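Colleague: These are the residues of each chain, in order.
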Amino acid sequence: MNTEPQLEISGLKKRFESEFELSKIDLTVGSDEIVALLGPSGCGKTTILRCIAGVETPDGGTIRIDDDTVESPDISKPPEERHIGMVYQSYAVWPHKTVYENVVFPLEHASHGIPRANYRDRVEGILELMEISELADEPATDLSGGQQQRTALARALVHEPDLLLMDEPLSNLDEELRKQMRYELQRIQQELGVSMLYVTHDQEEAFYLADRIVVLRDGAVVERGPPEKLYRSPDSPFTRRFVGARNPFGGRIETDTAGDRIVRTEFVDVPLSETEYMSNGADGDVDCFLRPDDIAICGDGGEDDRIQMEGTVVAEGILGDRYEVTVEFDGTDTELTVHCDQYRDLSRGERLILGFAPKTLQVYRSQ
Amino acid sequence: MSSKRSLFESTQQVFRTLLGAALDRATRRVVLGVVTLLLTFLTVVPLLFLLWTSVWSGYPGEFAAELTVENFRAVYLGEYFAVWEIFLNSLSIAVGITLTGLVFGLGAAWLFVRTDLPTKGGMELVLLSCQAIPGYVYAIMYVTAYGSERGLVAAAVRDALGVEALPIDVFSPWGIAFIAGINVVPTFYLLTVPALQDMDPALEEVSRIHGASLPATIRIISLPLIKPAILSATIVAFLYGMGEFAIVSILGVENGFDVYSTAIHSAIKGRYPPGYGEAAALACSLLVLMLVFVWYYRRVTARKTEFMTLTGRRHRTDVWSLGRWRWPLAAIIWAVLLVVWVLPIFVLLVTSVHADWYGQVNLSALTFDHYFTAVTDPQLRKAFLNSIIVAVGGATLGTVLVVGTAYYTERTDGRFRGAVDFLSLTPLAVPGIILGAGLLFTFLWVGELVPFLNLYGTLLIIIVGCVVVYLPVSSRIAVGNIVQIHAELEEAARIAGATWLQQMREIFLPLFKNTTVVIWFFLAMHIIQLLSIPLMTYTSDTVVIPVRLFQLYNFGPGIALVAAISSIFIFLTVGFLLGLRRYGIRFYELGQR
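Protein sequences, first through last, are from chains A and B. Under the numbering used here, the letters of the first sequence match residues 1 to 367, in that order. Under the numbering used here, the letters of the second sequence match residues 1 to 593, in that order.
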């Protein structure tokens with residue numbers, strides 16, 4: 001198997017009139033790898049994708065796809081010579097063609113090694129893989145969102161591109177369908193072994209699918225790494241906040257009367273050495289995060305080394321397959337949300353003691 | 001005071017609960033009923049009388065006669081009409097107009113919307129401002145600029161080349177078709193621009209990403225996607241071409257070149273006694289042809305909604321780079337604009353300051369006499385006043401009519417919605433000259449049947465005809481904008497306790513105000529320029545400016561006076577348009593909202 005990266009971007013720059021600019025983006029996607037570009041809307045992730053596809057021209061930098069330079073100061077290949085597949089957020093399924101005509105298009109126009117005689121089999125095969133064989137002769141306008149999505153995906157994969165680009169492909173689907181397609185995408189990627197660059201603002205999607213994640217903010221890479229690392233202990237508070245650890249609150253690092261360094265917050269003090277401290281640190285303001293799963297309701301047992309605190313229930317209810325309760329601490333602005341596996345019959349206004357292990361408290365220097 | 005008020009309030013309460021609901025329903029019925037009935041009468045009745053006249057042995061209004069096929073026999077077998085030639089002439093004019101509109105209009109639309117052509121904003125302004133110039137003025141401009149005898153440019157080129165005659169004759173059938181076609185380019189442009197703007201650029205991008213080259217993408221993706229818009233614009237241009245009158249009449253007169261409209265016109269106005277029956281028979285033959293096209297047009301535009309489902313929302317408009325062709329292409333387009341639009345206008349102005357015009361600039365004989373005549377001549381003043389009355393009256397009547405019928409077809413579940421919608425489109429198939437003839441026959445009959453409704457010889461007959469001519473376009477504007485207002489806004493008012501009338505006053509009409517204003521000005525602007533209807537229905541008291549210009553050109557003292565009046569007319573229209581622009585009313589943005 002080819003171990004060379006399928007996509008290499010270095011120093012990609014793109015300036016826009018007023019909004020923002022892409023500054024010196026470096027990026028690689030390895031063979032058979034899924035890389036997710038994660039960031040809030042307007043951070044430039046779609047622009048990167050469009051530069052790779054060749055429908056937007058960057059101001060600087062080089063892009064290499066499968067060892068072939070497609071973009072550099074001297075070269076700018078048109079989209080049709082880059083040998084890629086792409087799925088748009090809006091799917092961009094051609095409304096005047098049938099599903100079959102949509103999917104066979106790349107075979108008829110792109111360069112690939114598939115002989116003409118095999119086109120029909122090839123399209124039928126990929127439609128089967130997408131589980132939409134029965135729709136082949138339907139006009140594209142009659143399709144549901146999920147079916148359009150599958151058509152767009154089939155079209156992007158049918159000619160065995162070197163690289164598959166996905167621009168928020170699931171964001172127009174409803175919740176149930178999104179979960180299902182997420183699973184399908186993983187299955188299809190494994191069956192076909194295609195390299196994929198996946199743009200999304202939905203961290204769940206990124207963590208579920210990607211082998212590596214690149215977090216973007218305002219046109220610059222904030223952080224990159226495997227999902228486990230970014231999920232458990234990201235290096236930056238932006239990532240921490242963005243990847244959906246709820247319960248952010250402010251604090252200060254101080255030295256207490258006993259000479260120990262502590263993290264002091266509005267409702268609890270924790271020794272600094274016992275927390276997960278993410279930067280080298282002198283005294284000063286910090287951002288703290290506690291994941292809802294890491295907080296327990298005391299009385300559940302196993303509370304030996306936990307730090308405990310008492311608050312008032314302000315909201316509670318069943319969320320998905322777990323129970324969620326939000327607790328407020330008297331005289332502070334901080335609310336903590338807690339997830340429990342078991343259902344509990346709490347009511348608003350009830351007093352509650354919460355506990356957490358100090359090492360689950362993530363502390364970042366304020367930026 | 002307070003008891004008085006509460007008495008009033010309780011009365012109102014009772015009124016509302018007992019009578020109000022019934023009365024409100026009745027009002028709604030009456031308002032919508034009157035509007036739709038009026039529309040039906042205006043579109044159908046002239047055609048019925050036209051048909052009657054075509055199979056009646058007597059004059060319109062003459063009872064002592066009988067049904068006959070003599071008129072049709074006279075048209076097809078008699079010697080007066082060369083029907084086959086008329087048909088071929090009309091067809092070649094229509095095809096020429098359509099091709100010119102297609103090439104120039106669609107080309108401009110694509111270049112302006114989808115490419116980075118430099119100075120395209122200025123080009124668009126020049127192209128669209130030509131809507132302010134009516135067809136007959138257009139033709140006169142071409143006579144003064146490119147006419148083989150009196151054309152300034154033609155003479156200059158002839159001298160420069162040192163030849164006796166130029167190989168290109170403006171008055172040849174294809175020349176006429178080209179000039180008339182140039183006149184429909186702005187319309188063609190406006191009809192195709194929205195489709196280009198609404199198309200999701202991703203549909204084209206994804207084609208290139210998956211391997212198709214730029215030309216292949218245009219051929220396989222872009223053109224098929226905007227095909228409905230192109231088809232409907234093509235049919236509109238073709239229908240217009242089949243009924244074209246003013247330009248053919250002015251440019252073709254020297255060669256005896258006749259199309260349906262000119263033949264019908266001269267059968268009624270140029271013959272004594274007038275050949276009413278034969279004109280009607282000829283008109284009916286053309287109408288049958290036209291109805292086929294309108295039916296096809298309906299089919300095409302109805303199918304358009306299919307394509308809209310995926311492309312309805314606005315997209316960022318990505319433009320394609322023309323690369324090193326940018327400036328050469330811009331230069332070519334400016335040159336074309338100069339030759340077909342700017343130069344003729346300039347020559348018209350030059351002509352207007354000469355005492356007489358022979359195709360030569362004579363600096364020693366410059367004079368403003370014609371302008372003086374134009375503003376002091378009592379006949380012209382009267383015509384100008386009549387034009388204003390017709391424009392204001394027509395715009396007002398037309399606005400009420402199209403807003404009412406658009407409300408009926410889009411907001412009610414009335415039984416005749418489909419029929420009313422179809423009727424509002426049918427005038428597309430009825431050229432102005434034929435409609436004018438139909439109205440003439442109608443009121444010649446009505447004068448005999450119900451004398452107090454006799455509109456013959458009044459401005460009202462002109463107003464009515466002008467309204468019908470512009471029904472298709474203005475009703476499309478109304479319908480297009482009504483569907484943009486969510487019906488829930490009106491329903492919410494009803495749920496909150498408003499009657500239909502209150503709802504109309506408080507919600508619908510305020511929301512629709514802008515469109516109403518735009519429709520009014522659109523109608524006023526176009527009606528004041530219209531020649532065909534007044535030409536068929538005027539009497540000595542109801543001459544309007546277009547008719548006066550036409551008379552002066554054909555029978556009058558000289559082309560220089562006509563040029564002066566035309567110049568004033570153009571200046572006024574352009575000034576009016578610029579004024580509206582200042583208040584944010586731009587007609588050409590209608591389709592794009």
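Simulated from the structure, these hints should not be mistaken for laboratory data. From a predicted model like this one, the values you see are computed outputs, not experimental measurements. Cβ atoms here follow ideal geometry from the backbone N, Cα and C, with glycine treated the same way. Check before you lean on any hint, since a few could be wrong.
Some residues of chain B that are not near chain A, with every Cβ distance over 12 Å (derived) [said to hold, decoys possible]:
| no. | residue |
| --- | --- |
| 1 | Val44 |
| 2 | Ile220 |
| 3 | Arg381 |
Label pairs and their calculated CB-CB ranges [stated by the list, open to error]:
| no. | chain 1 | residue 1 | chain 2 | residue 2 | range |
| --- | --- | --- | --- | --- | --- |
| 4 | B | Ile332 | A | Asp59 | 46 to 52 Å |
| 5 | A | Glu134 | B | Arg326 | 24 to 30 Å |
| 6 | B | Ala331 | A | Pro73 | 45 to 51 Å |
Colleague: Compare the structure with each hint and give your call.
Modeller: So, going through the hints one by one against the coordinates:
1. For Val44 of chain B, the requirement that its beta carbon stay farther than 12 Å from each beta carbon of chain A is met, with the minimum near 36 Å.
2. With a closest Cβ-Cβ approach of about 8 Å to chain A, Ile220 of chain B is found to fall inside the 12 Å limit, against its non-interface label.
3. The beta carbon of Arg381 of chain B is kept farther than 12 Å from every beta carbon of chain A, the shortest such distance being approximately 54 Å.
4. Roughly 31 Å separates the CB atoms of Ile332 of chain B and Asp59 of chain A, a value that falls outside the hinted 46 to 52 Å.
5. The hinted range of 24 to 30 Å is not satisfied by Glu134 of chain A and Arg326 of chain B, whose Cβ atoms lie roughly 48 Å apart.
6. Checked against the hint of 45 to 51 Å, the pair Ala331 of chain B and Pro73 of chain A fails, with Cβ atoms roughly 30 Å apart.
Consistency note: the structure conflicts with the earlier hints numbered 2, 4, 5, 6.
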